[in-house]
Amino acid sequence: MTEERAIAPLYLLERLGGPVRRAGLVMLSAASISLGVILETMRPATWRRPTVRAELRRSLRQAIANGFGTILVTACLVGFGMVYQAIYWLTYAGQESLTGQLLVLVLVREVAPALVGLILLGRSGTVTVVEFGTIKSSGQLGELEAVGIDPFTLLVIPRVVAMAVAGFTLGVLFVAIALLAGYITGELLGLNQSGFFELVTGVVNAFTVPNFVLFALKMVLAGGLVAVVCAITGMSSTRAETPSHLLPRGFVRGLLAVLGSSVLLSIATA
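Our numbering applies: residue 1 is where the sequence shown begins, and numbers increase by one.
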């Protein structure tokens, strides 16, 4: 009885501290891999290998092509709701001159990075988890190392760079489509008092250099962190774990990475 009483507090501490310890390890791993990707990406020798360039092209096609359809639908829905509502209520209040500033603060800086990051997570991040998990469980990782091929250079770097580029590209498309959809909705309902060019001009004028830098940084980080976190999740899998175990873990980690990085950057630049 005395031994059981002594073990109970230790078990409770393990249950409480285990998730925190694992989360800390994931964060440290993500930071180290991100730094490694940045350093290796700037080395010309990294991109001289045809296999690395081929993997980069494949990852770019997969990320952008798979995410474009979802981006199109989501941006239209956001345009129908958010952009149209902003135009409607600001026009109703006689403050339509503030439309561009409001859309930049809400749509460009906050909504677009979060939604595009989640779309990349669902459409490409889950694929990364499964692919890397399969490579790890099937022993292909050891085979690559045995023949002198660095898995980090061949698999991780192209995937992270491609997802970062895809994040910025899809983010720009998302904002453009949302603005167009919102304007078309207002035009069909007879609300617009100015043309689409005036709406775009208002947004561009409110799109200052700090806003553009913050938008670009958020989009690149969203795509890159999704790739890093999903690669860590797949590579850290065991033979006993199936995609049904890995995918929920990778989705939660990716979700926290996307939203956490966006919130921290918003706070830092407030």
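Don't read these hints as lab results, they were simulated from the structure.
Mixed in with the good hints there might be a few duds.
For each label pair, taking beta carbons as the anchor points, the in silico distance ranges come out as [unchecked claim]:
1) T201 - G24: 39 to 49 Å
2) E131 - S29: 14 to 24 Å
3) A176 - S244: 16 to 26 Å
4) V204 - S29: 21 to 31 Å
5) V204 - S138: 24 to 34 Å
6) N211 - I38: 42 to 52 Å
7) A240 - V200: 22 to 32 Å
8) A23 - P210: 42 to 52 Å
9) V200 - F152: 34 to 44 Å
Backbone N, C-alpha and C define an ideal beta-carbon position, used for all residues, glycine too.
Do the hints match the structure? See the list:
Restraint check, T201 to G24: a C-beta distance of roughly 47 Å satisfies the suggested window 39 to 49 Å. In this structure the hint that E131 and S29 lie 14 to 24 Å apart at CB holds, the actual value being about 18 Å. Judged by the Cβ atoms, the range 16 to 26 Å given for A176 and S244 is violated: they are separated by roughly 37 Å. In this structure the supplied range 21 to 31 Å is violated for V204 paired with S29, their Cβ-Cβ distance being about 40 Å.
Take V204 and S138: their Cβ atoms lie about 50 Å apart, and the range 24 to 34 Å is violated. The given range of 42 to 52 Å is broken by N211 and I38, whose C-beta atoms sit roughly 24 Å from each other. One distance hint, 22 to 32 Å for the beta-carbon pair A240 and V200, is violated here, with the actual separation near 54 Å. Range check, A23 to P210: Cβ separation about 31 Å, and the 42 to 52 Å hint is violated.
At roughly 42 Å, the beta-carbon separation of V200 and F152 lies within the given 34 to 44 Å, and the hint holds.
Going through the hint list in order, the structure does not satisfy hints 3, 4, 5, 6, 7, 8.
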